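Starting from the structure of chain A, add chains B, C, D, E and F where the hints point.
Quick note, the sequences are listed as chains A, B, C, D, E and F, same order.
Numbering of the first sequence is given in the numbering used here, commencing with residue 1 and proceeding in unit increments.
Numbering of the second sequence is given in the numbering used here, commencing with residue 1 and proceeding in unit increments.
Numbering of the third sequence is given in the numbering used here, commencing with residue 1 and proceeding in unit increments.
Numbering of the fourth sequence is given in the numbering used here, commencing with residue 1 and proceeding in unit increments.
Numbering of the fifth sequence is given in the numbering used here, commencing with residue 1 and proceeding in unit increments.
Numbering of the sixth sequence is given in the numbering used here, commencing with residue 1 and proceeding in unit increments.
No lab work stands behind these hints: they were computed from the structure.
Bear in mind that the values here come from a model prediction, so they are computed numbers and not experimental data.
Quick reminder that beta carbons are idealized off the backbone N, C-alpha and C, glycines included.
Be a bit skeptical, because a hint or two may be false.
Unchecked claim - A short, non-exhaustive set of chain E residues, derived as facing chain F with CB atoms under 8 Å:
id : residue
1  : T26
2  : P34
3  : A60
4  : H144
5  : F199
Said to hold, decoys possible - Just a few of them, taken from the derived set where beta-carbon distance is under 10 Å, the chain C residues facing chain D:
id : residue
6  : L3
7  : T9
8  : T26
9  : G30
10 : P34
11 : V58
12 : P61
13 : I63
14 : P75
15 : G90
16 : E91
17 : A127
18 : W186
19 : F199
20 : N202
Protein chains: 6
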Amino acid sequence: MDLTTATWTDVRDLETDLAIVPVGSTEQHGPHAPLGTDVLTAEAIADAGIERVDREVVRAPAIPVGIAEEHRQFPGTMWVSEDTFRDYVGEAVASLAHHGFDRVVLVNGHGGNVDALREVGGRLTRAGDAYVVPFTWFAAVGEHSDDMGHGGPLETGLLRHLEPALIREDRIEAARAGGADGWGEWTSYVNMAYDAAEFTENGVVGDPDDGDAKRGEELFEGAADALARLLEAVAERDVSRPERR
Amino acid sequence: MDLTTATWTDVRDLETDLAIVPVGSTEQHGPHAPLGTDVLTAEAIADAGIERVDREVVRAPAIPVGIAEEHRQFPGTMWVSEDTFRDYVGEAVASLAHHGFDRVVLVNGHGGNVDALREVGGRLTRAGDAYVVPFTWFAAVGEHSDDMGHGGPLETGLLRHLEPALIREDRIEAARAGGADGWGEWTSYVNMAYDAAEFTENGVVGDPDDGDAKRGEELFEGAADALARLLEAVAERDVSRPERR
Amino acid sequence: MDLTTATWTDVRDLETDLAIVPVGSTEQHGPHAPLGTDVLTAEAIADAGIERVDREVVRAPAIPVGIAEEHRQFPGTMWVSEDTFRDYVGEAVASLAHHGFDRVVLVNGHGGNVDALREVGGRLTRAGDAYVVPFTWFAAVGEHSDDMGHGGPLETGLLRHLEPALIREDRIEAARAGGADGWGEWTSYVNMAYDAAEFTENGVVGDPDDGDAKRGEELFEGAADALARLLEAVAERDVSRPERR
Amino acid sequence: MDLTTATWTDVRDLETDLAIVPVGSTEQHGPHAPLGTDVLTAEAIADAGIERVDREVVRAPAIPVGIAEEHRQFPGTMWVSEDTFRDYVGEAVASLAHHGFDRVVLVNGHGGNVDALREVGGRLTRAGDAYVVPFTWFAAVGEHSDDMGHGGPLETGLLRHLEPALIREDRIEAARAGGADGWGEWTSYVNMAYDAAEFTENGVVGDPDDGDAKRGEELFEGAADALARLLEAVAERDVSRPERR
Amino acid sequence: MDLTTATWTDVRDLETDLAIVPVGSTEQHGPHAPLGTDVLTAEAIADAGIERVDREVVRAPAIPVGIAEEHRQFPGTMWVSEDTFRDYVGEAVASLAHHGFDRVVLVNGHGGNVDALREVGGRLTRAGDAYVVPFTWFAAVGEHSDDMGHGGPLETGLLRHLEPALIREDRIEAARAGGADGWGEWTSYVNMAYDAAEFTENGVVGDPDDGDAKRGEELFEGAADALARLLEAVAERDVSRPERR
Amino acid sequence: MDLTTATWTDVRDLETDLAIVPVGSTEQHGPHAPLGTDVLTAEAIADAGIERVDREVVRAPAIPVGIAEEHRQFPGTMWVSEDTFRDYVGEAVASLAHHGFDRVVLVNGHGGNVDALREVGGRLTRAGDAYVVPFTWFAAVGEHSDDMGHGGPLETGLLRHLEPALIREDRIEAARAGGADGWGEWTSYVNMAYDAAEFTENGVVGDPDDGDAKRGEELFEGAADALARLLEAVAERDVSRPERR
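Same shape as in the complex, but just chain A:
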């Protein structure tokens, strides 16, 4: 049930403790893909995952601004600090738990949010306020995950499937030309870069042409299925905390 369009009386009549909060970012995705890529993909997969389970799931509105200072050199990128992001997501989730929706999946579309969402989930879960896990769609698509990049094959492919008008096909060549092969600059397994602009000229990482709409559909199906399995597992899990050893 979508909270944005539901009334409180509709929500009151639900019998579930499951909820989903889509979390994204508004940040550069190269010259060819929209700044809202991470929100749009998170929302689409959240909704598809919900459809695939035979349970009621409360669906919160998407949180649109995340941890993206590493893209600050690219105009239009928005961000908040890690502390503020954690607080905002954590308190929004706690308000769902207040109503009994205390098994929550954070469906995430942005790599920069991953650590923070895990921290938020740990904080709420260990305190017993709610059981909360983050699900980042591009980490849940099997071998595809290795090709992630940024504005690369996965995101471009998924958007070509979901919202083809938002991919500027006439800029794909430019996207490839100014992009980087891999994320970061590595020495001894350490990424020495803290700003994407240190290693990519136009914000792209990976080849967007490796992601057509067909691959996008495959990603979509795979991620939605993975999310549906996770929702089942979250619903059934014993979330009590272990005893002292």
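Chains B, C, D, E and F in isolation, oriented as in the chain A frame:
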């Protein structure tokens, strides 16, 4: 220019310092109106205001969860603390200012956000980081403003105009019957209530039937025009700080 | 019972749960009125309100520095940040509640404190720590309230009644000449100013000559009566929180 | 110049960078002395110190609630947390420095505030925002300082000199009988108590009868002279920070 | 140069901007390995890395308590919150940068610290205060890294090489018997566990017998070499921030 | 039992509620004594105190960076802010209390930490989370305490006894020549200095030659005995909080 669908290169090519951030809340609006009322209305009026000015305006995604703990007794209401809300909005705005979009109007759809947005605007403006003012649509519709309530004539009317399918017409009678005439419980000009449930049984304040689609259209036009005038004034204003006396 | 002069054994022997905390500001009030106007008036009305109820009321010392950065261009104005003010007032009130004085009225003399005091009251009340409401005297004087201004008819009149020596009568003409007619600079119902010095040359808003001692007395009586009524209402109110809907 | 009664134009015309902020506490002082002892004494000595120097000194209003949780078992004691106290005092002082009053003495009447005021002074001074030192009157009265206690000879004597009506002479015997000889419970030079009620039945430490009005006068003169010397030293001090070694 | 044993005059005479801060954790490592495993290993590898570069490196004392609440069910485990850990490490590093040691490697021995150290590094680096990267030894040992576990082959092997007396060889069988094969409980690529005790009975993950002293030596050499390469790269890197796109 | 070398199963089998956390600082101690003086001495005395009691005591790793900004002009000095130090120590202690080790002595070697540790102890103790007291060794050595200084007779003597190789005997003359006689610059019992470099050229206060190894041994024995007595007192103390008066 809508940041969600634009690319960073599109944003780079803009020549403007004007931006709008819609801010709402996901909270009960009675049995007949959606939890997302405050976001939906803020977005609609933000977009309409932008259309009415002959200037480029950066349009950020809407912030969907606000200060709404006073509705916590009604299922589905989401909220964050005042501190977190101020930080989230303030930092998101600061990220826009980082790119030079440093004249910002916060288009707000929720009464509970008003004080916090003013505080955020003051903090950023006095520090010289950006010039930021909040605009709350229902406070900018002339004499209509007196009828505001909650899920009452103004919000119901505006949604009947904008998104009629989201108003449950078959519950209007129930909405009226369980609603309150006015907001709060007052003694000596002090509102003694801190939870809406202290004075309204079903979350409604004011008569939703006093707001038909025609009135909604009038509100919409009035608010959009007022916002357009404000955008002009913000664009032209001397925002330097006064000298010491 | 005034905490400043009472002993702890006197306080121990009280049978009441009512307390008052006067809250003011030390800030410019034009060339003719003292920086301490908001503290002096808050204290006077607090004491008068207490006298008019047939109940024991614990009277805390006045908090003298508030939220007044908007007057920073005028020498001598003191202020703290909104966060710090809320914490200071909130914790001071919580210490009263620790002793059982957990129905508290914050008697306020400064417009800049209003939003923050409401937030503090909401936080403590919703958490069940205490029931706390702010009372701002100049908002509780009926039609007079429309004339508020700053160092204008209401404050000048009240001080002429309470502490006539503190009004510099020989500067009233200068006060009028350099003052503003109204508070702020408005477009589309939005105050575009964040510093008082944006719209008033000498810090005055409103005509101080519209407030003579007689009007001051009327304000004083009206505000004290309103406070007394509020104290009764606070003492009798059912402060339990509503049930989930 | 007393900020409470001065106008901003009076303050503007001053030529000084010296300011004093009295800081106290509202807390139990035994059955015979008022809860406001620490504010009253701090204010009296602040004013006397100012009178003894041939310089303009800005005199801020007294901060009335300090760090006093250790007296929480005694009704009427007010307190805020250490963090909030430091922020409140520090920001209030910073607002004075904003106007150029950036050599500030915090005249303190409460032992529980000492560490926090030193921390505040260090923070502001090292950052170059202002030069700020705390002065605690009862630590500046030579050999008398050894007799400090709580509600004991020094405070009782000083109030007998300053405000004799506030000392309940008919309770002095009870104060002595229920008081403690020394502050704290000590093992290996460590005070093992964190609440005054662990070692004093009625809140008193030291014999109030060892402090008559004559001794009070001596304390007053000594402390005021010491403060005057300090003001001179603060005014003349080179407050630039040392160079790196 | 080891700060613990050096004097400030020794440090003054250095010509370098390189520093290392070892960071560990005091937490359970099974029945056979010490609670201090993560500190001991971080220190040993930090020192070995420093020896292998022909540059002066300031070596700070190790930070011994990290982010380890996930081991809270096992007695003796210490931890601080993520926020406090980030602040403590970040400010300690900033104090080194104050003296010009502003290229800093955080040599880390604990998986729970990884995200937080990356965040600290990003914060300081993006602000231009220092260039800071974390190096986690067990992520820098090539294919060995896949076997990490907890108190498993890598940590056990490394300690058998470095501090054999600290491995309780007579408890290895018990360690294996009560340990888990892998870290966490996974569904759809999401770790559903937040406490180690959810999936390991005795805190062990991986087979400690797969890590003998010889493998430990290999790990040690590999990690120390990797660290030395990183130090060179940090010393030579252009750490200026990229320009706006 | 030393947590660094113990296993969690060893700790589990303990029957005690006593713990010690050594706390120091890494900061200048003149040209002749190491930056780690305060950690080394705190650890040595902590261990000696533990040996002298016939009780099990959990011994945590030492916290090596404290509150030392006042030495910032001397290269190599590390520090964190007071807030961060309090949080780090307080949370580390709370994690011990989580396991039942909730009578804790903080064995401190640094004057700058004293106030903060007392605050931390008060916070935890008053909240009932643990009973925590700080023990600063140089304040517990009777008349010796008067000679404390900095890198002076006490610290130099103690290190000559404990770690003679760390005292640079060939720099003692220089240490004396550039040192100060006393700590601070005093007017009216107020220390007007906030940086050690305001009053000591080389960081030394007091004559290091007044502290030979024999005196060091005496200090060591005295402090260890005092700590042992304190541990007994902490173990036996009724730590319940007093009742309301």
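Hints, one by one, checked against the model:
1. T26: 5 Å, holds
2. P34: 5 Å, holds
3. A60: Result: holds, 7 Å to nearest chain F Cβ.
4. H144: 24 Å, violated
5. F199: 16 Å, violated
6. L3: At 5 Å from the nearest chain D Cβ, L3 of chain C passes the 10 Å test, so the hint holds.
7. T9: 4 Å, holds
8. T26: 5 Å, holds
9. G30: 7 Å, holds
10. P34: Because about 5 Å separates P34 of chain C from the closest Cβ in chain D, which is inside the 10 Å limit, the hint holds.
11. V58: At about 7 Å, which falls below the 10 Å cut-off, the nearest Cβ of chain D leaves the hint on V58 of chain C intact, so it holds.
12. P61: Holds. Min distance 4 Å.
13. I63: 7 Å, holds
14. P75: With a minimum Cβ separation of about 4 Å from chain D (threshold 10 Å), the hint on P75 of chain C holds.
15. G90: Hint on G90 of chain C: holds, closest Cβ of chain D at ~8 Å, below 10 Å.
16. E91: 4 Å, holds
17. A127: 16 Å, violated
18. W186: Violated, because the Cβ-Cβ distance from W186 of chain C to chain D comes to roughly 25 Å (cut-off 10 Å).
19. F199: Because about 16 Å separates F199 of chain C from the closest Cβ in chain D, which is outside the 10 Å limit, the hint is violated.
20. N202: 8 Å, holds
The structure is inconsistent with the numbered hints 4, 5, 17, 18 and 19, although it conforms to all the rest.
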